[in-house]
Amino acid sequence: MNSFLKKSVLFALMISGIYLVLYAISMNSKYKPNDYIDAIVDKHKRVESIKGRQVLLIGDSNIAFGLDSDVISDSVNLPVTNMALEVGLGLEFILEEAKDLLEPNDVAVLSIEYLMTLEGSYISKYQAGMALPVSNDYFDRDINSELIIDNYFTRKRLFEFNTTKISNRDIVYNRKAFNEFGDLTSHRSKKPHKGNLMLPPPQETDKKELITAIDEFTQYCKQNRISVYYTFPSIAQSAYAKNAALINQFTNRLNQIDHLIFLDGSKESVKPDSLFFDSVFHLTYNERAKRSKILGNHLKNALKS
Amino acid sequence: MFFNSVNYAVFIVTVFIIYWFFLKKNRNAQNILLLVASYIFYGFWNVKFLSLLAFSTALDYFSGLKIENATTKSAKKFWLFLSITINIGFLALFKYYNFFVESFASLLSTAGFQAHLPTLNVILPVGISFYTFHGISYIVDVYYGKIKAEKNPVDYSLFVSFFPLLVAGPIERATHLLPQIKKDRVINPVMMTEGMRLILWGMVKKVVIADRCADVVNQLFAQYKDLGSIYLILGCVLFAVQIYADFSGYSDIALGSARLLGFELLRNFNYPYFSKNIPEFWKRWHISLSSWFRDYLYIPLGGSRGSKLNNVRNVFIIFIVSGFWHGANWTFIVWGALHALFYLPQIFKKKHPAGQIKTIEHYPLIPGFRQVLQMMLTFAIVCLAWVYFRSLNVHEANEYIINIFKGFRDPAAIVNQVKEIVPGYAFLFAVLGAFFFVEWQGRDHIHPLYNIVTRVNQPVRFLIYMILVFTILFSVQPKQESFIYFQF
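The listed protein sequences correspond, in order, to chains Z and C. So for the first sequence, my numbering puts the first residue at 1; every next one is plus one. So for the second sequence, my numbering puts the first residue at 1; every next one is plus one.
There could be a bad hint or two in this list.
Stated by the list, open to error - The calculated label-pair distances, taken between Cβ atoms and stated as ranges, are: (1) Z/S274 / C/M466: 49 to 55 Å; (2) C/K406 / Z/I25: 50 to 56 Å; (3) C/L301 / Z/K208: 38 to 44 Å; (4) Z/Q237 / C/S109: 55 to 61 Å.
Claimed, not checked - Quick list of in silico lysine to aspartate or glutamate cross-link-like pairs, DMTMM-like style, CA-CA up to 25 Å: (5) C/K479 / Z/E209; (6) C/K25 / C/D215; (7) C/K479 / Z/D140; (8) C/K479 / Z/E268; (9) C/K225 / Z/D273; (10) C/K479 / Z/E96; (11) C/K479 / Z/D278; (12) Z/K293 / Z/E86; (13) Z/K207 / Z/D150; (14) Z/K293 / Z/E268; (15) C/K76 / C/E396; (16) C/K183 / C/D155; (17) Z/K242 / C/D155; (18) C/K479 / Z/D74; (19) Z/K208 / C/E102; (20) Z/K242 / C/E399; (21) Z/K6 / C/D184; (22) Z/K51 / Z/D74; (23) C/K479 / Z/E92; (24) Z/K222 / Z/D273; (25) C/K479 / Z/D150; (26) Z/K242 / C/E396; (27) C/K225 / Z/D258; (28) Z/K156 / C/D215; (29) Z/K290 / Z/D74.
Said to hold, decoys possible - From the derived model, a few chain C residues whose C-beta atoms are all more than 10 Å from chain Z: (30) F81; (31) S106; (32) M192; (33) F293; (34) G302; (35) F324; (36) W330; (37) L344; (38) R370; (39) V476; (40) Q477.
Hints listed in this document are in silico derivations from the structure and should not be mistaken for laboratory results. Ideal placement from N, C-alpha and C gives every residue a C-beta, glycine not left out.
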């Protein structure tokens, strides 16, 4: 036993020692992870700088890509901020963030992609927490996941030798990709992706937990005199055709939420594939203006009534 | 708590230290510690279902005593029947109720009746299929007098809920594990070293192989309608590798963890993809489940005794039930039925394959052409059946397989796909090639590292371990894949 233990402890110490050395070496690496999520800092700054009633666009990249806040702002005569970043943050994070920022009399416009999950991906939330410490309050911290992510970045720093190489993804997805309102505009002069659009795997998971979260959020807004509206995410025709049953099931459940006002319908958000940029939820730059105009008018009418 | 998590590393080290250093001389205290640790381990998933585990344990514990104390055969039968019915009842409720209701509603709809039957909104308790089978095997063994009913509730509870095997097996037998629980454990450095090696190799399988394959498999199966034949073949081959590395990796870590605590669990895998035919595959794949079905279903049904027709019937029953055990979906039933079909030729062969099980261990390092062909053919038909196991429904699986064959009408497209795949996945192929070579050279031992590390001196051995540890560390993905068999 003693020999076994001695060898085990020695081995563990050697592994830990080597790992610490590698970690220290990695800290001198020029590798920089993608900073798309860091835009959360800029979005928060904008919302906090606005005094008085404002509109927050809440959701994922379908909104980041697909709405022009300036156009909506012109329609409703209120300052608008596009809070959306990516689906990976998960609905729980996104709604907690919204609750933190919304004040009485504000207007919340919610839109979530059909592949949204409640928890999202820990790495996105972790990166958001690193950039904006207050956002650590929007999700449950998990030390196990954080160690794994730290280890992942150590590997990246050690082995991503070509730090000057910019991937196609980085050109569109980065912190500077957003305008002052929080809309993603880096795809303005880019041609839509050739070939198949990114199509996520069909989500067979139960979406009831999302409905419950949206329901609770709607109740919260009602109690705090915040107007809350829902706009369906734009989706490419081909993806809709493949997932129609699941989408309709989700839409039917959404329709049962009290006090949630819909600005449009799920079917009118289905558009030809040619109007999408790189995924089945990301409209092209030109198409976003059209969607924003229509949504702005719908919101204007809804606010009047 | 996943085996491949920091939480588990802290957990097992803590249990190990308390177990061997503070409670070394007190077996009862050690058993209590393991029981408490097992409930903590399970509670990490869902605290609410601890009560279900405790109820199932209590039910079988008291049923066992009642059976043993019963003076009449009918009383024994009553308690046996009661225990099995309640055990299966829980399984049916949590795992199969919605499937039966939806299938019945669909049948009514086909006949022109519209029925809206209530379904349950419950999640499947982790490990229920495994601990239910532990309990049933115990009760049956007590009924047939193969084992005495356990009187110590702690020892019995530990048998059912011992954490290395609680959530995904191996499915233990009371005759094998209970005597170990009731015996003083002695410190055995050789056993512990082997335990550590099993954990190390299990982690390599899970983190380096299974999770790496999973990314590709998920993409290919999600887009199978738009993909060519070679991509589809790649999808099912990689899924075959993924499910093997995932499940056998889990089993290795379970066996290794148990050995650190002085327990020898049943072996679950014995290099199944080197099998020469389907019967041999089933002697090497998920051994604890296939032997469970053999002992508690196949043999009571008559096994291979009687007419060929009876034998065929029994083979179909055992495989279909085994498929259904995996999940409430027609895909698993078709998967089981396909394996029954693949098994049939062996029934009609003059020479039964029994006795062939050990032959691959004695093959030369470079096997003969015929042997390779047999292994590849067996692997190919196993892969074909995996398509049903992996698909969301039977229709998709059928479409997937049809698309594989359809694609061969266009040879130019096939060539293009090969040109894309070979460079695109070169690194993955190299990793898998190295993995299967290591497995092949070590096929005569419970883990393939044995033949390598026992032939070199200690510094080299440490170096090998270190390379494996860092390969694991730097292969961990931020988004971890759950173990596939947790869903069963």
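* **Closest CB of chain Z to the CB of C/R370 still more than 10 Å away** => Per Cβ check, C/R370 is outside 10 Å of chain Z; nearest 41 Å; holds.
* Asked: Can the restraint linking C/K183 and C/D155 be considered satisfied, given a maximum Cα separation of 25 Å?
  -> Roughly 11 Å between the alpha carbons, so the hint for C/K183 and C/D155 holds.
* **C/M466 and Z/S274 - C-beta distance against the hinted 49 to 55 Å** => Holds, since Z/S274 and C/M466 (Cβ atoms, about 53 Å apart) stay within the stated range.
* Given the proposed pairing of Z/K242 with C/E396, does the C-alpha separation stay at or below 25 Å? -> 12 Å, holds
* Is it true that the CA of Z/K6 sits at most 25 Å from the CA of C/D184? -> 24 Å, holds
* To do: Mind checking the alpha carbons of Z/K290 and Z/D74 for me, to see if they're no more than 25 Å apart?
  => 14 Å, holds
* Asked: Between Z/Q237 and C/S109, does the C-beta distance stay in 55 to 61 Å?
  -> 29 Å, violated
* For the pair we were handed, C/K479 and Z/E92, check the Cα-Cα distance against 25 Å. => Within the cut-off at roughly 18 Å; holds.
* Taking only the CA atoms, is the gap from Z/K293 to Z/E86 under or equal to 25 Å? -> 23 Å, holds
* Asked: Would the pair Z/K242 and C/D155 pass a check requiring their Cα atoms to be no farther apart than 25 Å?
  -> Violated, at about 53 Å.
* Asked: Holds or violated: is the Cβ of C/M192 farther than 10 Å from all Cβ atoms of chain Z?
  -> 5 Å, violated
* Please work out if C/K25 and C/D215 have their alpha carbons no farther apart than 25 Å. => This hinted pair is violated, its Cα atoms lying about 47 Å apart.
Of the numbered hints stated above, those contradicted by the structure are hints 4, 6, 8, 13, 15, 17, 18, 24, 27, 32, 39, 40, listed in ascending order.
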